[in-house]
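Residue numbers (the working numbering), protein chains in the order written: chain D, 169 to 284; chain X, 1102 to 1214.
Since the hints were derived computationally from the structure, they do not count as laboratory data.
Any given hint might turn out to be false.
Each computed SDA-like pair below joins lysine to any residue, with the alpha-carbon atoms no more than 25 Å apart [unchecked claim]:
(1) D/Lys-210 x X/Arg-1145
(2) D/Lys-210 x X/Glu-1202
(3) D/Lys-210 x D/Val-282
(4) D/Lys-226 x D/Ala-254
The following residues of chain D were derived to be distant from chain X, with all beta-carbon distances above 12 Å [to be verified]:
(5) Gly-184
(6) Thr-185
(7) Glu-239
(8) Thr-245
(9) Glu-256
(10) Gly-275
(11) Gly-277
(12) Leu-280
(13) His-283
(14) Pro-284
Beta carbons are placed, not taken as given, at the ideal position from N, Cα and C, and that holds for glycine.
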Amino acid sequence: AQSVTQLDSHVSVSEGTPVLLRCNYSSSYSPSLFWYVQHPNKGLQLLLKYTSAATLVKGINGFEAEFKKSETSFHLTKPSAHMSDAAEYFCVVITAGGTSYGKLTFGQGTILTVHP
Amino acid sequence: NAGVTQTPKFRVLKTGQSMTLLCAQDMNHEYMYWYRQDPGMGLRLIHYSVGEGTTAKGEVPDGYNVSRLKKQNFLLGLESAAPSQTSVYFCASIRSGSYNEQFFGPGTRLTVL
Chain D
169 AQSVTQLDSH VSVSEGTPVL LRCNYSSSYS PSLFWYVQHP NKGLQLLLKY TSAATLVKGI
229 NGFEAEFKKS ETSFHLTKPS AHMSDAAEYF CVVITAGGTS YGKLTFGQGT ILTVHP
Chain X
1102 NAGVTQTPKF RVLKTGQSMT LLCAQDMNHE YMYWYRQDPG MGLRLIHYSV GEGTTAKGEV
1162 PDGYNVSRLK KQNFLLGLES AAPSQTSVYF CASIRSGSYN EQFFGPGTRL TVL
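Model the full structure from these sequences, guided by the hints.
The structure is reproduced here in structure tokens:
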């Protein structure tokens, strides 16, 4: 079984300040973890992915995430928010083993608001 | 190479009407999935297929049927639409064993009145 919990449904920051979006996961096997972003009325765009290589993963647009097995967390960060970062973010887990058949499990989403 | 495409992009139905959503991929992927997206709930898996002629239930399968007669196409059917099926529907595909590369379609916005 696998599950994902995004700890904040809404996060609000000022432009130029750091962003932290929190994600905890549960997985019976070694997980792969992803962050997706969705801008209003748009599709899903992959930000970054962790696949058991380096625990600190760098993605597009200055985002990065750190896989912490001991804390079962995969938090998304960015040093300085930009207005264009305003969107909804999804943490996603996939379990390669067992009978998951590649099924993705999504978190509930975090809406990021960036104030000027 | 178009990737994953979905037809239609938008649709409005009346309660009780039926319709079929088409997902097509040109990457020769074995696995295909239908998800629905609702506010505050992320994306939830409706049905999936691990190969031509095979389908399986996901997390929220009630009220939907699917078929995978051709490897490149995955159809999602609503036999008798209900307002609770108002949602955005996303299709995805991956190559067997390459679970780290999912490809999503652009979505279909369905409203049931």
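How the hints compare with the structure:
1. D/Lys-210 x X/Arg-1145: holds, 17 Å
2. D/Lys-210 x X/Glu-1202: holds, 19 Å
3. D/Lys-210 x D/Val-282: holds, 18 Å
4. D/Lys-226 x D/Ala-254: holds, 19 Å
5. Gly-184: At roughly 29 Å from the nearest Cβ of chain X, D/Gly-184 sits farther out than 12 Å, so the non-interface label holds.
6. Thr-185: D/Thr-185 is indeed farther than 12 Å from all Cβ atoms of chain X, at 25 Å.
7. Glu-239: For D/Glu-239, whose nearest Cβ neighbour in chain X is about 21 Å away, the distance exceeds 12 Å, so it holds.
8. Thr-245: holds, 20 Å
9. Glu-256: violated, 9 Å
10. Gly-275: violated, 6 Å
11. Gly-277: violated, 5 Å
12. Leu-280: holds, 15 Å
13. His-283: holds, 22 Å
14. Pro-284: Fine: 26 Å to the nearest Cβ keeps D/Pro-284 off the interface.
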